[in-house]
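Visitor: Chains as they are written, first to last, in the working numbering: chain G, 1 to 326; chain E, 327 to 585.
Hints may be right or wrong, so weigh each one.
With a Cα cut of at most 16 Å, we get these calculated EDC-like pairs of lysine to aspartate or glutamate [unchecked claim]:
| id | chain 1 | residue 1 | chain 2 | residue 2 |
| --- | --- | --- | --- | --- |
| 1 | G | K107 | E | E409 |
| 2 | G | K19 | E | E496 |
| 3 | G | K275 | G | E316 |
FYI, nobody ran anything at the bench for these hints, they're computed from the structure.
A quick note: this is a predicted structure, and the numbers were derived from the prediction, not measured.
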Amino acid sequence: MDYAIVAENLSKTFWVAEKEPGFLGTLRHLVRRRYRRIEAVRGVSFAIRPGEIVGFLGPNGAGKTTTLKMLTGLLYPTAGRAEVLGYRPQERRPAFLKRITLVMGNKAQLLWDLPVLDSLRIQAAVYEIPEAECRRRVGRLAEMLGLEGVLRQPVRKLSLGQRMKAELLAALLHLPRVLFLDEPTLGLDVNAQAAVRDFVRAYARGEGATVLLTSHYMADVEALAERVIVIHKGRLFYDGRLGQLVERVAPHKELVLELSRPVEPGLLAGLGEVKEQKGLQVRFLVPRERLVEAVGQALALLPVRDLAVTEPPLEEVFRRVFSEEG
Amino acid sequence: MVRGIQNFARKFLAYLEASLGRHLAYGGELAFWVLAQSLPLVFLALWVEGGPRPDLDYARYYFFAWIAGFFHPLWVAYELAYEINTGRLSPLLLRPFSPALDYLASQLGLLFVSLVLGLPVAVLFPVLFPGFFSGLELSRLPGYLLYLLLGFAFHFALAWLIGSLAFFLERSTGVLEAYYGLLYFFGGVALPLDVLPPGLLRVLEWTPLPYLAFRPAAWAAGWEAGTGYGVLALWTLWVGLLAAFVWRRGLVRYGAFGA
């Protein structure tokens, strides 16, 4: 099998009923409904090799989650073709479902009122995992996630971070070959985000799993994915290495200066676009071709105590790109 | 083959076990649900006061009609419609096990817990009506149980059909309100159907309604009421096929809203 995941001209259109506010709007809605056509995904194509970890990016409403739902068989494509591990996802064959998982950061599949172990027992039965093997896997995955002490607690008593980790444990108990992760670190604090990222990386390496990951936290993508697929307004915007994307869409570098004393604002403006100034620390965006010149100027004209050149944060890159695109 | 059956049994039992755990976690609330199911007992009080039959006849009839009420898993329609409308169905669809079997196990768990919680009410019957058991024939028990089984299957299929309509309609469960009315008055929950005009009863006999409370209760109570397993079985088959069709078509339309 050359590819684990294939999307070929994948499209999804929804018809959504629209209603004006107020009583008259309600009456009109009752008598004559109006529907709006929403093209959530428009002819998206990509292919992912087994074992790859790919970031799936785009602003809200870009069509990321809809694409994931088509690839997992939850949604039928309006047009185009999806193929995962050689299966047509929408047929939802048991052999296919046993090889994939979808984790959605905003949705729970664990039984709310029961201990995590009860949900895991169901997972083990559903995925036909022998009990001894299940115990071994639960032990190993719980250790990786730092969940050993909480598996007997009702899910509703867990913290958000513990719950998300428990969701991951349940979702990976059957050792899926393909992981679809939709905002797996949503709402988690920095430590929990890092723990989830480390776990996903370790699992993917250990099992040779293919991962397609959406996240609004660029740290997730930067830490896990070398390749990113970007969609915007339902269309493919970019597919390639993360570094190349940054070069392509961000013609700037970030220059951070730590000054030894305050200086005239006019002196700073000449170096580049001042993005932020906190006390004696100043962040500039400088065009890549002017970087050397700007650094030389800064060292010559300003009382520089420290200096750093970095890529701008991806959030900022995407904000710029997508706001320019409209 | 044997391994397949073992795997299926293991899955189903795991769901059943979880269902029991979930329902028992809220035993107090379930007790209220059991009380809400006790409407036939209110009607019993009315008929004992003014009905043409001996009190014991009504006591036995409403006892068995009350038990039959636990075998009506119509609540599935509300849960399924809610899960479709909110996208909470998605995790169930991703499992290599039919969501219908998950719901079935959940309802069986609920049934078991309800029957246990209903025991204190059941004990009241022989206390309030001395001689309650003396006239009952054990030989009628299998027929009664068959009615309960078919009634459960019919209502599960009907609930699945109505719930699945949520793929197409914004509020599919509205029709259930009307159905409850029909069930109460033409199913035998509120009144024994032998008090209805014979013409109306003959029409009703072509519907599943009399076989869901009236016929089972009357049969178990020892009344002359005839049987009708075949009619109920045919309705179950027909509604079940329709539910399967709507479910399959609905999955194509599923929007996984919000999930």
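Visitor: Check whether the Cα positions of G/K19 and E/E496 lie no farther apart than 16 Å.
Guide: Between G/K19 and E/E496 the Cα gap is close to 13 Å, so the pair holds against 16 Å.
Visitor: For G/K107 and E/E409, compute the direct alpha-carbon distance and say whether it is at most 16 Å.
Guide: Roughly 12 Å separates the two Cα atoms, so the pair holds.
Visitor: With the threshold set at 16 Å, check whether the alpha-carbon distance from G/K275 to G/E316 stays at or below it.
Guide: 11 Å, holds
Comparing the model with each earlier hint shows no violations; every hint is respected.
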